[in-house]
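First to last, the sequence lines map onto chains A and B.
If you use our numbering, the first sequence corresponds to residues 1 to 113, in order.
If you use our numbering, the second sequence corresponds to residues 1 to 217, in order.
These are calculated hints, taken from the structure and not from any lab test.
Just so you know, not all the hints are guaranteed correct.
Unchecked claim - The list that follows gives simulated cross-link-like pairs (lysine to any residue, SDA-like), each with its CA atoms no further than 20 Å apart:
id, chain 1, residue 1, chain 2, residue 2
1, B, K149, A, S43
2, B, K146, A, S43
3, B, K214, B, N58
4, A, K68, B, L148
5, B, K146, B, D172
Since this is a predicted model, take the numbers as computed values, not measurements.
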Amino acid sequence: MHELSVTESMLGVVLRHAQANNATKVSRINMVLGDMSTVMEESVRFYFDIISKETIAEGAELNFTRTKLIGHCGVCGKEFEVVEFDFRCPECQGTETEIISGREFQVESIEIN
Amino acid sequence: MEIEVLEGVFDANEIIAKENRSLLDGSGSFMVNLMASPGAGKTSVIMKTLEGVAGALNCAVIEGDIAGKVDSEKIAATGVPAIQINTGGSCHLEAKQVNRALNRLKLEGVDLVIVENVGNLVCPAEFKLGEDLKVMILSVAEGHDKPLKYPLMFSESDVLLVNKIDLIPHTDFEMETLEQTVLRMNPGVVIFKISCRTGEGVSDWTDWLKHRVKAGA
């Protein structure tokens with residue numbers, strides 16, 4: 001629901017790095033988006049087309065790499081994929097699970113000219 | 001040419017959330033981020049909470065709404081300082097809006113700041129505000145099946161207040177199913193069952209909160 005402001009932030013990150021590298025054009029944006037992020041890829045694409053107009057990122061290809069929701073058990077140390085939001089450790093039934101991936105929305109790299 | 005960026009889209013918000021944290025630490029204030037759907041009873045919970053901690057804690061309230069100042073007027077009428085943030089269409093509060101509000105409040109001597117987030121079960125969960133505690137409300141009329149539909153909110157919250165329990169006899173609400181589902185998603189969550197209308201369970205929540213604020217501040 002908040003993809004407009006999130007896409008604005010993403011574009012801000014991209015333009016800042018592009019300008020710092022004296023880019024004249026951003027051709028591709030590589031991002032990592034976790035499966036448990038509330039951000040919708042489709043909506044980001046939709047808003048990006050609108051708000052990137054007349055910036056050097058206009059027309060850039062958006063590439064999303066999705067990451068699964070992975071937890072780390074604080075009791076036995078096992079790393080496991082969280083299925084259907086069951087955060088209990090499948091190995092020891094521990095309840096001190098820390099999320100190590102699956103929540104992120106990060107700009108990994110940009111391709112510029 | 002490919003340039004490495006490695007910057008999170010929410011990083012800017014998180015930097016300001018940390019600033020909020022140090023503002024609050026500076027005055028020894030504890031902040032609660034209260035989240036729920038529209039109509040779950042956020043403002044009623046705040047009113048009841050203020051009543052329950054009165055005398056023990058000095059409070060202030062930050063009200064986030066898309067428009068209007070009905071809620072902050074209601075709070076201010078009780079004598080508790082209240083600041084209204086109008087997000088102007090945005091579906092959640094961000095750290096920078098709370099930062100402006102914290103700077104307007106006189107935090108000195110304030111033990112507890114309650115932030116009422118915009119009514120929404122999705123977006124507020126994604127934006128850290130610098131809070132000590134994320135508290136969410138689910139009201140009985142919304143149904144016990146909500147956790148799996150809004151997993152981020154239910155798994156991020158430290159406290160779940162199940163409100164309007166006086167309505168249970170009129171609905172198919174299954175408390176046990178709700179508790180089982182939520183505890184699977186969020187084993188550390190603390191659950192209170194309350195009714196702001198009858199007052200049932202409210203003091204369990206406010207006593208626990210008083211304790212937490214005193215331990216955490």
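Against the structure, the hints come out as follows:
no., hint, result
1, B:K149 / A:S43, "holds, 19 Å"
2, B:K146 / A:S43, "violated, 23 Å"
3, B:K214 / B:N58, "holds, 12 Å"
4, A:K68 / B:L148, "holds, 17 Å"
5, B:K146 / B:D172, "holds, 14 Å"
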